[in-house]
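**Student:** Listed here are the chains, written in short residue letters.
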Amino acid sequence: MKNTLFVVALVAVMSGCGEKPQALQTSGRDAPAYGGTGKAFTTAGWLQGDKASWESQLKARSQYGQNDYTRMN
Amino acid sequence: MARMKFVCDTERCIECNGCVTACKNEHEVPWGVNRRRVVTLNDGVPGEKSISVACMHCSDAPCMAVCPVNCFYRTDEGVVLHDKNVCIGCGYCAYACPFGAPQFPSQGAFGVRGKMDKCTFCAGGPEVNGSQAEFEKYGRNRLAEGKLPVCAEMCATKALIAGDGDVVADIMRNRVLRRGKGAEVWGWGTAYGSRQAGQPPAAPAAQGAKP
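So the protein sequences, as listed, match chains W and X. In this text, residue positions in the first sequence follow numbering that gives the first Met the number 0: the first is 0, and each later residue adds one. In this text, residue positions in the second sequence follow numbering that gives the first Met the number 0: the first is 0, and each later residue adds one.
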């Protein structure tokens with residue numbers, strides 16, 4: 000009986016010294032941009048959720064919006 | 000896969016601060032926080048140069064390396080973003096960043112430092128794309144709308160270019176070839192590695208080099 004009480008007390012005391020998990024709950028990765036917003040204000044000419052069309056849309060946009068030489072010559 | 004990068008052409012930047020204004024307006028950035036700013040070197044001296052600076056979304060971002068709570072993450076497009084729910088506002092990233100990009104709002108009592116805020120390449124944050132929560136914390140998610148960062152898209156002289164690294168490098172290369180000067184792309188080597196910066200190749204190894 001004494002031994003049992005001693006073990007129970009020991010477990011209760013020692014559990015206080017136990018380490019709790021301290022891993023951060025990070026959000027991890029974001030939803031991919033090519034998934035779109037599903038709302039208005041999205042540029043026409045590409046399909047939301049289609050990675051290839053999103054990439055080609057951005058590539059074209061960065062050319063005709065920023066490359067003067069494609070417009071002047 | 001696109002690898003998003005910024006380039007600022009110092010031959011074209013006229014220090015109008017339009018990019019700064021557009022960024023603040025688009026994302027409703029609070030007072031005291033400037034995600035983008037224009038820096039002028041040798042101001043007032045003939046030949047002065049201006050450059051628009053913000054987070055460059057480095058290939059090997061030092062802010063990610065020093066963050067003690069690991070709040071940074073990188074998207075598939077190479078955009079360096081952070082989670083404000085995790086950020087503790089310690090400011091280590093501000094010390095580590097070579098561009099001075101991390102900003103801290105000081106609206107609390109005794110000027111306490113808030114959660115870090117920086118340029119997101121108009122890609123929002125970890126919240127749902129295009130959501131109100133994302134807008135309030137990180138600003139608008141233009142990438143998910145099929146658009147490029149507003150600072151570059153509205154730049155009047157097209158000094159600031161943003162987009163896929165291959166495309167922006169091609170545009171810049173074409174400009175330099177036509178005008179015959181201004182190949183110094185400031186910050187490119189620091190952010191994306193000197194081998195990509197149009198620099199001469201690394202010096203040959205000592206044993207293999209001829210005198």
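Note that these hints are calculated values from the structure, not bench results. You may find that some hints are simply not true.
[Unchecked claim] Pairs of lysine to aspartate or glutamate residues, derived as DMTMM-like cross-links and limited to a Cα-Cα distance of at most 20 Å, are as follows:
1) 48(X) to 75(X)
2) 180(X) to 67(W)
3) 146(X) to 54(W)
4) 23(X) to 183(X)
5) 38(W) to 49(W)
6) 58(W) to 14(X)
7) 38(W) to 42(X)
8) 157(X) to 14(X)
9) 157(X) to 10(X)
10) 157(X) to 135(X)
11) 50(W) to 165(X)
12) 50(W) to 10(X)
13) 38(W) to 25(X)
[As the list claims (entries may be wrong)] From the derived model, a few chain X residues whose C-beta atoms are all more than 12 Å from chain W:
14) 37
15) 61
16) 76
17) 99
18) 112
19) 166
20) 167
21) 188
[Unchecked claim] Cβ-Cβ distance ranges computed for the label pairs, FRET-style:
22) 38(W) to 45(X): 47 to 53 Å
23) 52(W) to 87(X): 49 to 55 Å
24) 38(W) to 94(X): 24 to 30 Å
25) 13(W) to 111(X): 38 to 44 Å
For every residue, glycine included, the Cβ atom is placed at its ideal position computed from N, Cα and C.
**Student:** Now, for every hint given, state plainly whether the structure supports it.
**Tutor:** So, going through the hints one by one against the coordinates:
Of the supplied pair hints, the one linking residue 48(X) and residue 75(X) is violated, its CA atoms being roughly 33 Å apart against a limit of 20 Å. With a C-alpha separation of about 17 Å, the suggested pairing of residue 180(X) with residue 67(W) holds against the 20 Å cut-off. Between residue 146(X) and residue 54(W) the alpha-carbon distance is near 11 Å, which keeps this suggested pair within the 20 Å criterion. Taking the CA atoms of residue 23(X) and residue 183(X), the gap is about 28 Å. The hint is violated against a cut of 20 Å.
Proximity of residue 38(W) to residue 49(W) is assessed by CA-CA distance (about 15 Å); at most 20 Å being required, the pair is judged to hold. Straight-line distance between C-alpha atoms of residue 58(W) and residue 14(X) comes to about 27 Å, which puts the hinted pair past the 20 Å bound. At most 20 Å may separate the alpha-carbon atoms for a hinted pair to count; residue 38(W) and residue 42(X) exceed this at roughly 44 Å. Under the criterion of a C-alpha separation no larger than 20 Å, the hint pairing residue 157(X) with residue 14(X) is consistent with the structure, at around 12 Å.
For the given pair, residue 157(X) sits about 10 Å from residue 10(X) by alpha-carbon distance, which is consistent with the 20 Å threshold. Pair hint residue 157(X) plus residue 135(X) does not hold up; C-alpha atoms about 29 Å apart against a cutoff of 20 Å. Using a Cα cut-off of 20 Å, the hinted pair residue 50(W) and residue 165(X) holds, with the two alpha carbons roughly 18 Å apart. Pair hint residue 50(W) plus residue 10(X) does not hold up; C-alpha atoms about 35 Å apart against a cutoff of 20 Å.
Taking the CA atoms of residue 38(W) and residue 25(X), the gap is near 17 Å; set against the 20 Å cutoff, the hint holds. No Cβ of chain W comes within 12 Å of the Cβ of residue 37(X); the nearest lies about 18 Å off, and the non-interface call holds. For residue 61(X), the shortest C-beta to C-beta distance to chain W comes to about 19 Å, beyond the 12 Å cut-off, and the non-interface label holds. In this structure residue 76(X) is not separated from chain W by more than 12 Å, as the shortest Cβ-Cβ distance comes to only about 6 Å.
No beta-carbon of chain W comes within 12 Å of the beta-carbon of residue 99(X); the shortest separation is about 24 Å. Every CB of chain W lies more than 12 Å from the CB of residue 112(X), the least distance being 20 Å, so the non-interface label holds. With a least beta-carbon separation of about 5 Å from chain W, residue 166(X) fails to lie farther than 12 Å from that chain, contradicting its non-interface assignment. Consistency note on residue 167(X): stated as away from chain W, yet its beta-carbon is not over 12 Å from all of that chain's, at 7 Å minimum.
With a cut of 12 Å on Cβ distances, residue 188(X) stays outside the contact zone with chain W, its closest approach being about 21 Å. In this structure, residue 38(W) and residue 45(X) meet the distance hint of 47 to 53 Å, their C-beta atoms being roughly 49 Å apart. The hinted window of 49 to 55 Å between residue 52(W) and residue 87(X) is violated, with their beta carbons roughly 39 Å apart. Range check, residue 38(W) to residue 94(X): Cβ separation about 38 Å, and the 24 to 30 Å hint is violated.
Restraint check, residue 13(W) to residue 111(X): a C-beta distance of roughly 39 Å satisfies the suggested window 38 to 44 Å.
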